[in-house]
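Asks: Read off the chains here:
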Amino acid sequence: DTAVSQTPKYLVTQMGNDKSIKCEQNLGHDTMYWYKQDSKKFLKIMFSYNNKELIINETVPNRFSPKSPDKAHLNLHINSLELGDSAVYFCASSQDGSGEDTQYFGPGTRLTVL
Amino acid sequence: GQSLEQPSEVTAVEGAIVQINCTYQTSGFYGLSWYQQHDGGAPTFLSYNGLDGLEETGRFSSFLSRSDSYGYLLLQELQMKDSASYFCASLRGDSSYKLIFGSGTRLLVRP
Chain A
17 DTAVSQTPKY LVTQMGNDKS IKCEQNLGHD TMYWYKQDSK KFLKIMFSYN
67 NKELIINETV PNRFSPKSPD KAHLNLHINS LELGDSAVYF CASSQDGSGE
117 DTQYFGPGTR LTVL
Chain B
227 GQSLEQPSEV TAVEGAIVQI NCTYQTSGFY GLSWYQQHDG GAPTFLSYNG
277 LDGLEETGRF SSFLSRSDSY GYLLLQELQM KDSASYFCAS LRGDSSYKLI
327 FGSGTRLLVR P
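Residue numbers (my numbering), protein chains in the order written: chain A, 17 to 130; chain B, 227 to 337.
Watch out, some of these pointers could steer you wrong.
List of simulated lysine-lysine pairs, DSS-like, C-alpha gap at most 25 Å [what the hints assert, rightly or not]:
| # | chain 1 | residue 1 | chain 2 | residue 2 |
| --- | --- | --- | --- | --- |
| 1 | A | Lys25 | B | Lys307 |
| 2 | A | Lys35 | A | Lys87 |
| 3 | A | Lys56 | B | Lys307 |
Here are the in silico distance ranges between beta carbons for each label pair [what the hints assert, rightly or not]:
| # | chain 1 | residue 1 | chain 2 | residue 2 | range |
| --- | --- | --- | --- | --- | --- |
| 4 | A | Thr75 | B | Pro233 | 25 to 31 Å |
| 5 | A | Glu116 | B | Glu231 | 38 to 44 Å |
| 6 | B | Ser293 | A | Ser21 | 24 to 30 Å |
| 7 | A | Leu99 | B | Pro233 | 28 to 34 Å |
| 8 | B | Glu240 | A | Ser96 | 45 to 51 Å |
Source of the hints: derived by calculation from the structure; they are not laboratory data. From the three backbone atoms N, C-alpha and C, an ideal C-beta is built for every residue, glycine too.
I would like the entire structure built from these sequences, with the hints used as guidance.
Replies: If you want it as structure tokens, here you go:
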């Protein structure tokens, strides 16, 4: 059973396109996250949701819009893709977002913008 | 600002002990976590130090000194499968809790 799953695993697209990445967790966790890992493996938080409510919104271009239809799902929509958006995007979840709770990461979505 | 420093690369032989250091500058610091990531894989949680001192989990131990803004991950009885990147991450809590990751240390275990 996959705890945190993401689709698609790979995404290759042209500049200017709009794309979405989906994330689901079956751990019963209240909190979900989106991270971006660049080519130098630097991992940075983008967003966090707790029970469908946005609680962390880092300095991310507004072309990125997260959406949480329920606490088990957190999707990421990206408009007008740019070359610099190429990265691996990881979804993660944790029990309650209290900070000391362990974060469980999904397998990642490798986005390549041409 | 928020920053964490760790060595970019460490090499060790199978069966040895290796220590990966991490220094941090984080306002609203709560604790230090360590994550392991194999090439092409997802980060996986190894340990968390909320208090000063040593936490031991099997072959892995982690240490924190708040007064020195310093921590380390100690890996004992190294195995080939331990070759991976290791990230320290400071837990910052002000309006909400979030992990600030270091740039990672690539560990290469040689036979």
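Asks: Verify the proposed pairing of lysine 35/A with lysine 87/A, using a straight-line Cα cut of 25 Å.
Replies: Cα-Cα ~22 Å, so holds.
Asks: Just to be careful, I want the Cα atoms of lysine 56/A and lysine 307/B compared with a cutoff of 25 Å; is the pair within it?
Replies: holds, 22 Å
Asks: For glutamate 116/A and glutamate 231/B, compare the CB-CB distance with the range 38 to 44 Å and indicate the outcome.
Replies: About 23 Å separates the Cβ atoms of glutamate 116/A and glutamate 231/B, which means 38 to 44 Å is violated.
Asks: Lysine 25/A and lysine 307/B: Cα distance at most 25 Å?
Replies: With a Cα-Cα distance of about 24 Å, the restraint between lysine 25/A and lysine 307/B holds, given a limit of 25 Å.
Asks: 28 to 34 Å was suggested as the range; check whether the CB atoms of leucine 99/A and proline 233/B agree with it.
Replies: At roughly 30 Å between Cβ atoms, proline 233/B and leucine 99/A fall inside 28 to 34 Å, so the hint holds.
Asks: Tell me if the beta carbons of glutamate 240/B and serine 96/A are separated by a distance inside 45 to 51 Å.
Replies: The hinted range 45 to 51 Å holds for glutamate 240/B and serine 96/A, with Cβ atoms some 49 Å apart.
Asks: Does the hinted range 25 to 31 Å hold for threonine 75/A and proline 233/B at CB?
Replies: About 28 Å separates the Cβ atoms of threonine 75/A and proline 233/B, which means 25 to 31 Å holds.
Asks: For the range 24 to 30 Å, tell me whether the beta carbons of serine 293/B and serine 21/A fit it or not.
Replies: violated, 42 Å
Violated hints, in rising order: 5 and 6; the structure is consistent with all others.
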